[in-house]
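Participant: Chains as they are written, first to last, in this note's numbering: chain A, 13 to 179; chain B, 563 to 1104; chain C, 6 to 240; chain D, 316 to 493.
Derived by calculation from the structure, the hints in this document are not laboratory data. Small disclaimer: the values here were computed from a predicted structure and weren't measured. All C-beta atoms in this analysis are idealised placements derived from N, C-alpha and C, irrespective of residue type, glycine included. A couple of the hints might just be wrong.
Counterexamples of contact, computed for chain B against chain A with all Cβ distances above 12 Å [to be verified]:
1. Met563
2. Asp659
3. Gln678
4. Arg693
5. Asp773
6. Gly829
7. Ala847
8. Gly910
9. Thr931
10. Glu944
11. Ala987
12. Glu1047
Computed Cβ-Cβ distance ranges for the label pairs, DEER-style [what the hints assert, rightly or not]:
13. Gly169/A to Arg578/B: 34 to 44 Å
14. Val107/C to Leu436/D: 22 to 32 Å
15. Gly192/C to Lys366/D: 58 to 68 Å
16. Thr1049/B to Leu481/D: 29 to 39 Å
17. Gly169/A to Gln391/D: 51 to 61 Å
18. Glu599/B to Ser47/C: 51 to 61 Å
19. Asp341/D to Gly192/C: 43 to 53 Å
20. Ala144/C to Ala119/A: 44 to 54 Å
21. Glu180/C to Gly169/A: 46 to 56 Å
22. Ser47/C to Arg445/D: 46 to 56 Å
23. Ala348/D to Ser142/C: 26 to 36 Å
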Amino acid sequence: MSTPHTQIERTTHVGDNRLKILEAMMKRHQYRADALIEVLHKGQELYGHLSPSLLTLIAHSLHLPPSRVYGVATFYHFFSLAPQGEHTCTVCLGTACYVKGAATILAALERETGLRAGTTSPNGRLSLLTTRCLGACGIAPAVVIDGTVMGHADDDGPRTKLHELLD
Amino acid sequence: MDLTELHGIAERERARRKAIRIHCCTSLGCHASGALELQRRLEAAVEAAGRADTVEVVGVGCIGFCGHGPLVSVEPSGLLFERVTPEQAPDIVAALDGGPCAAQRGDPNHPFFSRQLLVVRRNGGRIDPERIEEYIAAGGYQALYDVLHDQSPAEVIDAITRSGLRGRGGAGYPTGLKWATVAKSKGAPQGAPRKFVVCNGDEGDPGAFMDRSILESDPHLVLEGMSIAAYAVGADQGFLYVRGEYPLAIQRLSKAITQARKHGLLGSQIFDTAFDFKVEIRVGAGAFVCGEETALIASIEGRRGQPRPRPPYPAERGLWGCPTLINNVETFANIAPIISRGADWYAGIGTAKSRGTKVFALAGKIRNTGLIEVPMGITLREIVEELGGGTADGSPVKAVQTGGPSGGCIPASLFDTPVDYESLAAVGSIMGSGGMVVMDDATSMVEIARFYMEFCMDESCGKCVPCRVGTVQMHHLLDRICNGEATPAEIVQLEELCQLVRETSLCGLGQSAPNPVLSTLRYFRDEYEERLRHEALAEEAP
Amino acid sequence: MSAKTLTIDGQMVSAGADESILQAAREAGIRIPTLCHLDGLSEMGACRLCLVEVVGTSKLQPACHTSVAEGMEVRTDTERLRAHRRAIVELIFAERNHVCAVCVASGHCELQNLAAAVGMTHVRYEYLAPSCAVDISHARFGIDHNRCVLCTRCVRACDEVEGVHTWDIAGRGTESRLITDLHVPWGEAASCTSCGKCLLACPTGAIFHRGSTVAELEHEPTRIAAIVAARSERW
Amino acid sequence: MADKLRLATVWLGGCSGCHMSLLDMDEWLIDLAAVADLVYSPIADHKHYPKNVDLVLVEGAVATNEHLELARKVRQRSRLVVALGDCAVTGNVTAMRNPLGAAATVLQQVYITHGDPRGVLPDDPDIVPRLLDTVVPLHATITVDLFLPGCPPSAPAIRALIEALLKGETPPAASRFG
Chain A
13 MSTPHTQIER TTHVGDNRLK ILEAMMKRHQ YRADALIEVL HKGQELYGHL
63 SPSLLTLIAH SLHLPPSRVY GVATFYHFFS LAPQGEHTCT VCLGTACYVK
113 GAATILAALE RETGLRAGTT SPNGRLSLLT TRCLGACGIA PAVVIDGTVM
163 GHADDDGPRT KLHELLD
Chain B
563 MDLTELHGIA ERERARRKAI RIHCCTSLGC HASGALELQR RLEAAVEAAG
613 RADTVEVVGV GCIGFCGHGP LVSVEPSGLL FERVTPEQAP DIVAALDGGP
663 CAAQRGDPNH PFFSRQLLVV RRNGGRIDPE RIEEYIAAGG YQALYDVLHD
713 QSPAEVIDAI TRSGLRGRGG AGYPTGLKWA TVAKSKGAPQ GAPRKFVVCN
763 GDEGDPGAFM DRSILESDPH LVLEGMSIAA YAVGADQGFL YVRGEYPLAI
813 QRLSKAITQA RKHGLLGSQI FDTAFDFKVE IRVGAGAFVC GEETALIASI
863 EGRRGQPRPR PPYPAERGLW GCPTLINNVE TFANIAPIIS RGADWYAGIG
913 TAKSRGTKVF ALAGKIRNTG LIEVPMGITL REIVEELGGG TADGSPVKAV
963 QTGGPSGGCI PASLFDTPVD YESLAAVGSI MGSGGMVVMD DATSMVEIAR
1013 FYMEFCMDES CGKCVPCRVG TVQMHHLLDR ICNGEATPAE IVQLEELCQL
1063 VRETSLCGLG QSAPNPVLST LRYFRDEYEE RLRHEALAEE AP
Chain C
6 MSAKTLTIDG QMVSAGADES ILQAAREAGI RIPTLCHLDG LSEMGACRLC
56 LVEVVGTSKL QPACHTSVAE GMEVRTDTER LRAHRRAIVE LIFAERNHVC
106 AVCVASGHCE LQNLAAAVGM THVRYEYLAP SCAVDISHAR FGIDHNRCVL
156 CTRCVRACDE VEGVHTWDIA GRGTESRLIT DLHVPWGEAA SCTSCGKCLL
206 ACPTGAIFHR GSTVAELEHE PTRIAAIVAA RSERW
Chain D
316 MADKLRLATV WLGGCSGCHM SLLDMDEWLI DLAAVADLVY SPIADHKHYP
366 KNVDLVLVEG AVATNEHLEL ARKVRQRSRL VVALGDCAVT GNVTAMRNPL
416 GAAATVLQQV YITHGDPRGV LPDDPDIVPR LLDTVVPLHA TITVDLFLPG
466 CPPSAPAIRA LIEALLKGET PPAASRFG
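The following block holds chain A by itself, in its conformation from the complex (with noise of 0.2 Å):
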């Protein structure tokens, strides 16, 4: 069995300095069993997404069980065990946007992009998401494209940019 570390090392080309990354973040944390959720936000940061052989290797330097650290990479909404689309377009479902359509604008991006929420397109070009509340209640319904918060969303806005992403 190969350790986690060549496992990870395979995946990695010359140059990418994310592991080294990745260790010095646990190693200012001391490697403390405490810092496990941090670990996991970095570790997505540079990777993207949460892989088997990343947990595994984040489970040995903590000296925590790979259980629990599955546990908790599953409990928290945020972190994603499957690589996410090239983009991604998060729609908020908060009250604030909820009440001013939302959901329509939602549906139309389902409609449009042929994806369930929560899911990524088979080209792994785009994931369609959903968020519980960006707290941009003042300019709702808000879209995320890529990082980039719209405000006062409708239907076509989201769909335009899109557009301009994929096409």
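Please arrange chains B, C and D on chain A, whose structure you already have, making use of the hints.
Facilitator: Just chains B, C and D, lined up with the frame of chain A:
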């Protein structure tokens, strides 16, 4: 750092400032509407107009009128501009002396502003949250200095107790009492003799953004409040737990912590006293239940955010078994003002049992969406009609939802209810953390109940049976009612389930999950009944 | 150790100061239904079946997790508690696919016994009928998630008694699932010592001996307490 | 014999084990026949469910449109409806197909995927009843007055229930599932 240095920083900052400050709001709402580009254009326009010697452009925290962003205000003239486009930047510079301007003028004397009373938001929209000097120039960290040098921990706790401040996270537990409990708690017999202060910034209530705004606009105010609390209860380590959905707040807080540490306002021997205090940020990862104290603790410890039965309370046994003070962002933001201006001043605001001000996030079907800070005791009508200006299209307001998934919907007929902990509870809702979502006739109250139940179902941690399965069953019944498939007996079953989940769930999430259903059943039962299956079922006829 | 005197269902009871209401009640011969509680393991307070009324507080208290107090007046068997317990057992039956007729544990199952004890005649809620896996990759044991009630007795037995922590819960809400290691098939879970304590602890037919057939499986939950007691003696 | 109990038994989606248990009451059936008329039952030759039934024991879960129609008729025409056995009470083994998905998915899996890949789905609504998407216990479709769980309920349990009802008493509390 000593007092001379603190005052030196303030004086240098005041000397540095230019006569005219153009404030450009860079909080999330305006940020998303293009505030950063606008700020750049304003800076260029000032330069181009040759006024750089007297005019500066400052990126500030939330001005509050989020629905009308991007917002720009000018000091000292008080001019306000709304929905400003980058192209209007030169126009605004040209209009500094009061001349005509193509940009939309806002009314700074509008009830939305004039009816507010700013305590925790007094720096919001006035200082650059990324520069500690601006906070210090506004009187920041003086309160911390004063308590460290002139007051005993007991005196601080006494002041907070006398101020009447209650927890702003929603439940309204008296803050002074909580501090006193942590202060005298010795912790578990075998436990390490440490204490912790935790700031709960896991603002999970969908439709609420008060804490985000405070953290983005005035991070040092929260840090100072935490430091004072740590001194009062005897803690040397703090954690700031912030939702992962708030990257801007996290970024500004990290910056604020670095700056405070650099100036010796966090760390060891603060203000040359024996008081040490360090703060770490913990980023939430998307779990509403982590707003619950014991789940929050589990999450900071790096575990699944599942609550445990209380007692023991975190004040006795919290993080790693040590006594832990947990207060919410807005609660901590109130501390420095109370210390600076006195408990009596604070206690003079609001009502007999609910003192001080409360920040609300006004959103939904309302003309003036945004962030407001009002004295307790103001009526819902004043908030919705005067500050909020009613609905955007003038249609009647049907209800206002307070307290999010743990709260309830209050019908327009009860809008004369004063906003205080007890009155809101009496009408079947809660104060909550400050989300206030306005609904008009186009909003179906049954669908709103289903919306919240879906939220609770998705956010249930799964530990206790009534919440884990009960919310699914309640959602199923609400779904059937919404789809016109339910019989009258199913409403009865729904009510029974509400009772069960409320009385038997382990934590506050489950115990309050039925509230949106119960309150809508109480005030809008006709909307449920209209949706029942009408055709009499032959086989069940008597 | 100081003793406390309290009343449980009108009966005067004396208990050690560090005892829970549940322990005190048991010593007095008063039965309070439990599911997630298991002697020898830490308390979880999750199933909510042992909730009792304590005079003076409006909130129901979990008997397993509430310490006795002097003069405390406890009621364990009121109309309200009976209704709640029955409803909770129904919710559990509705959550997964509990088919007693074809279950290895039938006749020796704590959930089945609870249904009879709380007078559950039928389930008033919609059966959720989730799709649940059965994992028989382990050489000696199997787990049928259809029968799991998420009491975490196996998780705690593995962690606290065997000291391994092979088990944990993944996901949340009603999507929660027991997992071994990094959600690998049990047979591939490197940390598992095959000690079988999870099997001893399981209240239903979820964790079973491979080869057991209907109604054959008898759990031995009391052995967990025996192991813990024996170990503490030696230490 | 107008004062004799009009008794019916119905067999919905179940294995008929409950009816076997019924027959296991052996010689007591003769005593029962003295006080009750069996007006409808799969073990007797009746074409239609009659009106004015005093007591009906229903075995099986509701799994097809035919079950649903019969259950509704049973409720309409009977004074006291008893869910007999685990399938009627909980869905039991009959409902074990529910996690597989809706009717079409189940048929596809049974007849094609795990059956004959070149086979065809049964499709003749006049001959083969249509499967409901979800198998449900009896009380999910009609109001049920009494529940007698068990797989099957024992003959003495069934007898105790009928005896109590004949005497106008409340039947003993339900026994266990399985």
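Participant: Each hint: holds or not?
Facilitator: Verification of the supplied hints:
1. At roughly 26 Å, the least C-beta separation between Met563/B and chain A is larger than 12 Å, which holds for a residue marked as non-interface.
2. With a cut of 12 Å on Cβ distances, Asp659/B stays outside the contact zone with chain A, its closest approach being about 30 Å.
3. Consistency note on Gln678/B: stated as away from chain A, and its beta-carbon is indeed over 12 Å from all of that chain's, at 15 Å minimum.
4. The beta carbon of Arg693/B is kept farther than 12 Å from every beta carbon of chain A, the shortest such distance being approximately 23 Å.
5. At roughly 8 Å, the least C-beta separation between Asp773/B and chain A is not larger than 12 Å, which violates its mark as non-interface.
6. Under the 12 Å C-beta cut-off, the non-interface status given to Gly829/B relative to chain A holds; the minimum distance is some 17 Å.
7. Residue-level check failed: Ala847/B sits 3 Å from the nearest beta carbon of chain A, not beyond 12 Å.
8. Here Gly910/B stays apart from chain A, with its beta-carbon at least about 30 Å from theirs, past the 12 Å limit.
9. Against chain A, the non-interface label of Thr931/B is violated: not every CB pair exceeds 12 Å, the least being about 5 Å.
10. The claim that Glu944/B is not at the interface with chain A holds, since no C-beta of that chain comes within 12 Å of its own (minimum 20 Å).
11. No beta-carbon of chain A comes within 12 Å of the beta-carbon of Ala987/B; the shortest separation is about 20 Å.
12. The Cβ of Glu1047/B lies farther than 12 Å from every Cβ of chain A, with a closest approach of about 20 Å, so its non-interface assignment holds.
13. Checked against the given bound of 34 to 44 Å, the beta carbons of Gly169/A and Arg578/B, roughly 41 Å apart, stay inside it.
14. At about 27 Å, the beta-carbon gap between Val107/C and Leu436/D stays in the expected band of 22 to 32 Å.
15. Judged by the Cβ atoms, the range 58 to 68 Å given for Gly192/C and Lys366/D holds: they are separated by roughly 60 Å.
16. Remark: the range hint 29 to 39 Å for Thr1049/B to Leu481/D is upheld by a beta-carbon distance near 32 Å.
17. Taking 51 to 61 Å as the suggested C-beta distance range, the pair Gly169/A and Gln391/D conforms, at roughly 56 Å.
18. The hinted range of 51 to 61 Å is satisfied by Glu599/B and Ser47/C, whose Cβ atoms lie roughly 56 Å apart.
19. At about 49 Å, the CB distance of Asp341/D to Gly192/C agrees with the hint of 43 to 53 Å.
20. In this structure the supplied range 44 to 54 Å holds for Ala144/C paired with Ala119/A, their Cβ-Cβ distance being about 50 Å.
21. A hinted range of 46 to 56 Å is violated for the C-beta pair Glu180/C and Gly169/A, which are about 33 Å apart.
22. As the Cβ distance of Ser47/C to Arg445/D is approximately 52 Å, the hint placing it in 46 to 56 Å holds.
23. For Ala348/D and Ser142/C, the hinted distance range of 26 to 36 Å is not satisfied, since their beta carbons lie about 55 Å from each other.
Violated hints, listed in ascending order, are 5, 7, 9, 21, 23; each of the other numbered hints is respected by the structure.
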